[in-house]
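If you're matching them up, the sequences are chains F and Z in order. Each residue of the first sequence is one higher than the one before, counting from 4 in the numbering used here. Each residue of the second sequence is one higher than the one before, counting from -9 in the numbering used here.
No wet-lab data here; the hints were simulated from the structure. For every residue, glycine included, the Cβ atom is placed at its ideal position computed from N, Cα and C. Any given hint could be a false lead.
If you want a taste of the chain Z side facing chain F, the calculated C-beta under 8 angstroms gives, among others [what the hints assert, rightly or not]:
1) ALA(-6)
2) VAL3
3) ARG10
4) LYS12
5) SER86
6) LEU199
7) GLN202
8) SER204
9) VAL353
10) ARG357
11) ARG359
Here are the simulated DSBU-like pairs of lysine-lysine, each with C-alpha atoms no more than 35 angstroms apart in a straight line [stated by the list, open to error]:
12) LYS198(Z) x LYS179(F)
13) LYS181(F) x LYS198(Z)
14) LYS12(Z) x LYS273(Z)
15) LYS198(Z) x LYS110(F)
16) LYS13(F) x LYS296(F)
17) LYS79(F) x LYS165(Z)
18) LYS2(Z) x LYS110(F)
19) LYS277(F) x LYS261(F)
20) LYS196(Z) x LYS57(F)
21) LYS93(F) x LYS354(Z)
22) LYS93(F) x LYS2(Z)
23) LYS2(Z) x LYS13(F)
24) LYS273(Z) x LYS64(F)
25) LYS273(Z) x LYS79(F)
26) LYS57(F) x LYS198(Z)
Which residues of chain F face chain Z? A few of them, derived with a C-beta cut under 10 angstroms, are [stated by the list, open to error]:
27) LYS93
28) GLU98
29) SER105
30) LEU129
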Amino acid sequence: MIPVEISNLKKYYGDLKAVDGISFNVKEGEVFGLLGPNGAGKTTTIEVLEGLRKKDGGEVKVLGLDPWGNGYELHKRIGVIPQEFTFFEKTSPREAIIYYASLFGLKVDPDEILREVLLEDSADNLFENLSGGQKQKTGLALSLVNSADLLFLDEPTTGLDPNARRVIWEVIRRLKAKGKTIILTTHYLDEAQQLSDRVAIMNQGHIVAMGTSDEIIEEHGSGERLEIHGGEELANHIKTNTELKAEFRNGLISIPLKRKIDALTALAAAEQSKMDWGEIHIRSDSLDDVFVKLISGTVDEHGEIMVEDNSGKSGYKRSR
Amino acid sequence: MVNAKRIAADFKVFSRGYLRNKFGLFFGLIFPVILILIFGAIFSGDSSGTITIYAQNQDTGPFSSPQMDIASRFLSALNSSKSIRVIAVAASEDFSQYLASHSSSDGVIIPANFSANYLAGQQVNLTVYGNPASSTSAIVTGIVSGVADLFNLERFQGSMIIGLRQTTVNTQQTKYVDFLIPGLIGFSILVSPMFSLVNISSEYKKNKLFKQLSLTPLTKMEWLTSKVLWYIVLSATSFLLMVAVGVFAFGAHIILTVWLIPFLILGPMLFAALGMLVGTITKNPETAGVIGNIVTFPMMFLSGTFFPISIMPQYLQSIAHVLPLFYIIDGLNNVMVYSNIAAALIDIAVVTAITAVIFAAAVKLFRWRED
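Model the full assembly from the supplied sequences, consistent with the hints where possible.
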């Protein structure tokens, strides 16, 4: 059975089309990353899958169930860590695990779960005294209580310091190694790349690219290009004297290469111009480049899109 | 679909969290006891018996013998009455200003030559100060004129025909503290569950804890039931503490019967559900707090918590009769103070009906998840 099937999912908040007709399937044992800036529709999508929100259109099946209609059944079989996970302040991780186990009517060994999420050291500290990373680990621990094979992790490392993030990644990798199917949302590109088998890049309610990193780069990347450190005049000179396109931006001339030999043509033109130029590189688009291109901006650490305008200043495109 | 094991699990986690929170414990258990101690101390003891009056004796003599100083004899006669304590004010003071600066309205001035005029049989007037709005003034006037009559009688060697024989009625007297304890029990039944649930239900909504819980098999009915159970336990504990303090510290006369149980169960249930309702229908914790206060405070003061509603004007009494807390406190008074079970049954019926409506509304409107 395919654990998650979505086709043409729609969810509107008034006039805002939070999710506007997206489709994807998640295979068993796969880590599927939903990547995008804030407001892209990631959390709305994952909350519809978890049965926390009602869809406005399309088809959604999770473990063969309608998540909204059969939420109560579904929740026994999935593990979830919601965005900005919080818990009762005066409760320790161990007590929280025991509490969840009794709600699910299960007998579990709290120590085993605590070990699995690397939280043994803080097992008996009250939730209010835990660090951000330890709180997230508590959330992960709770999502494991009912031994679900399908996990939903909504921005599991947002707001954590780099070390804490790496520890959470380690925990997620272990879960993947145990064969769990995981759907993960994040606005960190490296996180999506590090953990996911496949990534869907979301922007403004749409999926703008989907596949493995290589597939996305191949489909949406521009291929190889020559980069020359030089001025705008040089860029114009290359443009007028060759058939090549040359883009100037921030002291860098970028020339897409259809064939490798185009590089020679460009360099010859540059040499002939008698203008100054510096380092040269041949490079391909990384997932990073493609991501920036697809969402028309870069994403800061809070998940907000930053756009660079032509004056070189950067600013926030919009915030929600 | 209500599962006792899940209720027990949630009850355990919630009560443990509550007990670990010192503020909650203070407001739930200690604060009502402090209120009893404060109000009990204010309204009990000897303060109710004697009235203080200020007296200025302007009759400075000279007297040829101490027997001629009628003014001083008059003052000591006043002082020997058990209801009045006389404090002398120097003749040099401005008397009305002196009264004002001592926040008092009761006083008497004995004019100059009072003794000489008395002995000569010439009319002389005492000046009695009083505030017509104060109940003490009438008592003061009565006592001063009683003493004056005695002196008049004595001056003309009259004899008393009608005498008084004082005796104390031996039936149980309802003291303020007897009435205060049911009121403050009502107060604690109202305040703890109400404020907690307003706060919890709006905070859990904001930080998505309800969503989190909706991902477990716990149902909202089970969740609410465990909260109600906890506040019943808390109210019962607080009840026992307050009764113990009332009885041992102030000698309150309290009747403990099984008829108290319905109030100790329905009360927390009613106000937990009401708090839940306020937290549910408001958008954020700030609004919830404001609405919670608007609902709670008038109810707290108008339901007979700190003073009997019979001293309030009629329109406020009418308002009291639509407040659920009124019926709880009225019922507690009927059971604990007056042993009037028939009247208490009416209160139980009204409280049951209100509780059923509020509880049903809270369960209906409360959502784990949003559309």
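Here is what the structure says about each hint:
At its closest, the beta carbon of ALA(-6)(Z) sits 11 angstroms from a beta carbon of chain F; the interface hint therefore is violated under the 8 angstroms criterion. The beta carbon of VAL3(Z) comes within 5 angstroms of a beta carbon in chain F, closer than 8 angstroms, and the hint placing it at the interface holds. A least Cβ separation of about 4 angstroms between ARG10(Z) and chain F falls short of the 8 angstroms threshold, and the interface hint therefore holds. At about 11 angstroms, the closest approach between the beta carbon of LYS12(Z) and any beta carbon in chain F exceeds 8 angstroms, and the interface hint on this residue is violated.
For SER86(Z), the interface hint is violated, since its Cβ never comes within 8 angstroms of a Cβ in chain F; the closest pair sits about 60 angstroms apart. The interface hint given for LEU199(Z) holds, since its Cβ lies 6 angstroms from the closest Cβ of chain F, which is under the 8 angstroms cut-off. At about 6 angstroms, the closest approach between the beta carbon of GLN202(Z) and any beta carbon in chain F falls short of 8 angstroms, and the interface hint on this residue holds. Restraint check, SER204(Z) versus chain F: the minimum CB separation of about 7 angstroms is within 8 angstroms; hint holds.
About 16 angstroms separates the beta-carbon of VAL353(Z) from the nearest beta-carbon of chain F, more than 8 angstroms, and the hint is not met. This hint is violated: ARG357(Z) has a C-beta 11 angstroms from the nearest C-beta of chain F, more than the 8 angstroms allowed. Restraint check, ARG359(Z) versus chain F: the minimum CB separation of about 5 angstroms is within 8 angstroms; hint holds. Our distance criterion of 35 angstroms between C-alpha atoms is met by LYS198(Z) and LYS179(F), whose separation comes to about 27 angstroms.
About 29 angstroms separates the Cα atoms of LYS181(F) and LYS198(Z), which keeps this hinted pair within 35 angstroms; it holds. Between LYS12(Z) and LYS273(Z), the direct Cα distance comes to roughly 28 angstroms. Compliance with the 35 angstroms bound is thereby established for this hinted pair. For the suggested pair LYS198(Z) and LYS110(F), the alpha carbons sit about 26 angstroms apart, so the restraint of at most 35 angstroms is met. With a CA separation close to 25 angstroms, the supplied pair LYS13(F) and LYS296(F) stays within the 35 angstroms bound.
A threshold of 35 angstroms between alpha carbons decides the hint, and for LYS79(F) with LYS165(Z) the separation of about 59 angstroms lies outside it, so the pair is violated. Between LYS2(Z) and LYS110(F) the alpha-carbon distance is near 17 angstroms, which keeps this suggested pair within the 35 angstroms criterion. Between LYS277(F) and LYS261(F), the direct Cα distance comes to roughly 25 angstroms. Compliance with the 35 angstroms bound is thereby established for this hinted pair. For the hint linking LYS196(Z) to LYS57(F), the alpha-carbon distance of about 19 angstroms falls within 35 angstroms, and the restraint holds.
The hinted pair formed by LYS93(F) and LYS354(Z) meets the criterion: a straight-line CA distance of about 29 angstroms does not exceed 35 angstroms. With a C-alpha separation of about 12 angstroms, the suggested pair LYS93(F) and LYS2(Z) falls inside the 35 angstroms cut-off, and the hint holds. Our distance criterion of 35 angstroms between C-alpha atoms is broken by LYS2(Z) and LYS13(F), whose separation comes to about 41 angstroms. Distance check on the hinted pair: LYS273(Z) and LYS64(F) sit about 32 angstroms apart at the alpha-carbon level, within 35 angstroms; holds.
As the CA atoms of LYS273(Z) and LYS79(F) are separated by approximately 30 angstroms, the hinted pair is consistent with the 35 angstroms bound. Between the alpha carbons of LYS57(F) and LYS198(Z) the distance comes to roughly 16 angstroms, so the proposed pair stays at or under 35 angstroms and holds. Among the interface hints, the one on LYS93(F) holds; its C-beta lies about 4 angstroms from the nearest C-beta in chain Z, closer than the 10 angstroms criterion. Among the interface hints, the one on GLU98(F) holds; its C-beta lies about 7 angstroms from the nearest C-beta in chain Z, closer than the 10 angstroms criterion.
Annotation: SER105(F) was flagged as interfacial toward chain Z, and the flag holds, the nearest CB pair being 4 angstroms apart, inside 10 angstroms. Annotation: interface hint on LEU129(F) holds; nearest CB of chain Z at approximately 7 angstroms, less than 10 angstroms.
Violated hints for the displayed structure, listed by number in ascending order: 1, 4, 5, 9, 10, 17, 23.
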